[in-house]
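J.: Turn these sequences into a full structure, and let the hints guide you.
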Amino acid sequence: MIDLRFNTDLAENILTGFIKTEITRAGFSHAVIGLSGGVDSSLSCFLTAKALGAENVLAVRMPYRTSSQDSLEHAQKVIDILGIQSITLPITEMVEPLFARFPDMGDVRRGNAMARARMIILYDQSAAFHGLVVGTGNKTEILLGYTTLYGDSACAINPIGDLYKTQVRQLARAIGVPEVIIDKPPSADLWAGQTDEDELGFTYAEVDQLLFLLVDKRYSPRECIDAGFSKDFVERVIERIRRYHYKRVLPPIAKLSNRTVGYDFLYLRDWGT
Amino acid sequence: MKLTIALAQIYTKLGDVNANLEKHLSLIAEARRAGAELIVFPELSLTGYALQDLTPSVAHSPTVNDPVFRYLIDASKDIDIVVGFVDEDARHRFFIAGAYLSQGMVLHVHHKVYLPTYGLFDEGRFFAWGDTVQAFDTRFGRMGIAICEDFWHASVPYLLWLDGADLLLFTSASPGRGLNTEPRLESARWVEQINKAYASLFTTFVAHVNRVGYEDGLNFWGGSTLFDPDGKLLAQGPYHQETIVYTEIDLNQLHRSRVRLPLLRDERTELVKRELSRILEGAR
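If you read the sequences in order, they're chains A and B.
Going by my numbering, the first residue of the first sequence is number 1, and it counts up by one from there.
Going by my numbering, the first residue of the second sequence is number 1001, and it counts up by one from there.
Simulated from the structure, these hints should not be mistaken for lab results.
List time: in silico SDA-like cross-link candidates among lysine to any residue, alpha-carbon distance up to 20 Å:
| hint | chain 1 | residue 1 | chain 2 | residue 2 |
| --- | --- | --- | --- | --- |
| 1 | A | Lys231 | A | Ile241 |
| 2 | B | Lys1013 | A | Tyr267 |
| 3 | A | Lys217 | A | Ala205 |
| 4 | B | Lys1013 | A | Thr24 |
| 5 | A | Lys217 | B | Asn1180 |
| 6 | B | Lys1077 | B | Arg1033 |
| 7 | B | Lys1013 | A | Leu266 |
| 8 | A | Lys20 | B | Gln1241 |
| 9 | A | Lys217 | B | Phe1121 |
| 10 | B | Lys1013 | A | Trp271 |
| 11 | A | Lys217 | B | Gly1119 |
| 12 | B | Lys1077 | B | Asp1137 |
| 13 | A | Lys217 | B | Leu1120 |
| 14 | A | Lys217 | B | Trp1190 |
| 15 | B | Lys1013 | A | Ala26 |
| 16 | A | Lys217 | B | Arg1189 |
| 17 | A | Lys20 | B | Thr1243 |
| 18 | A | Lys217 | B | Pro1175 |
| 19 | A | Lys255 | B | Asp1053 |
| 20 | A | Lys20 | B | Asp1216 |
| 21 | A | Lys20 | B | Leu1218 |
| 22 | B | Lys1013 | A | Ile157 |
Interface residues of chain B toward chain A, partial, derived using beta-carbon atoms under 7 Å:
| hint | residue |
| --- | --- |
| 23 | Leu1014 |
| 24 | Gly1015 |
| 25 | Asp1016 |
| 26 | Asp1053 |
| 27 | Leu1179 |
| 28 | Glu1215 |
Backbone N, C-alpha and C fix where the C-beta goes; we use that ideal spot for every residue, glycine too.
T.: Here it is as structure tokens:
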């Protein structure tokens, strides 16, 4: 039996400690979070508010004209429960001129442009609010590459990137995120009616179990099939992990000198702090 | 004879030796005031753990002429101190090291003999491998130091035991990992299990000091422990919190435990030597 459950008190303790120390040692005391009203960003807000104090957290709502009203309302619920600061900055006027210039732009291009417009706003608010951008990407989407490079994946620190989507739900429930947010179908809300599971072609419940075996338990593909996953599903997921690995690493630098950033110039980010 | 030990599970600044030295000196003074006779700091307590290319710039020599060690050696006039640092030898090799300081002298320096270089660890890339395992005499009896991965190889505590160590001092910078439904991380459970096992199998005291804090995304879980020669847990620090854990140990417990359970008396070292030689020769 594949058991992804975990001790939420222990996780909360480690993650709030991580947020507080990593932001403080970088010389900051505030955080900025893009709050969509989904479970990932809601959990990041809860953890960050616990770590830094509600008054030090700025939640940024960035709706596009087609974004669902539910998302905005769910985000408002989180803001009200936590008492964190908030600002609403629609991206419609930022992205529409680009969309008008390329009327045949498909959903993927439009979605990426919207995710990157939100990144621009978050990093601008980061400077204005003197806070670091706290990430909201979970382990499932990082491994599947289900994210926009330099868009929603952009952040200073990520407290939930080692929790699978189903684990995000477990911690969200334990920490008090409203049930309506936890139970709704996950969606990037980049176009009307979009859901993650439709787009990916499988459910988080299924893929999290497979990823747990492949990544955490180091199962071979054959062993995953023997454990009951279909060959096609296993192969598709492995190929996704491989194909999108570029989103998980810094761009390679062409080595010329004796010492090159990324290869033999190695320091942690916490260097000297 | 009684001995009060302070296990200092501290948070270190990565690569800032002067800041870490100040913290050491202030906690040494605090422990002395609290009546401790020995304070033990974690692995690489003067430097932080994931040093990578910082390694050569944070190295120090455990001598009175060293700008860092002269303060620590001076502080050891009143309380014995175990400190973790990067040792650069005369040939410019860098070791993960632990020094035992007492009464203004350096009694012993241990160089880590097992450098984990797998998974999230990369020590063998930056450090040289120590090549000796030796116990040493202190005013409280004979002790031995092992650093983190050292005590994941049974041979290191075993050799220290045979060399006369009645108090094993284990130091770590153990990254927390393995979250499941238990209230502690798997890494904590693994380490606690083997510490208890060594205390029980060798009928010795086993003190373990593990650091706390974060380096980038790594958390260090603390939870320092002291087991007595019956394998009984005498004290444990909290997980993930910076603190000093004080414990008074009764060294006469060694007498009582070994009367009950004479494992040391019965250990057949000649048999071990003979069979080990045969095995190693057979492997050639």
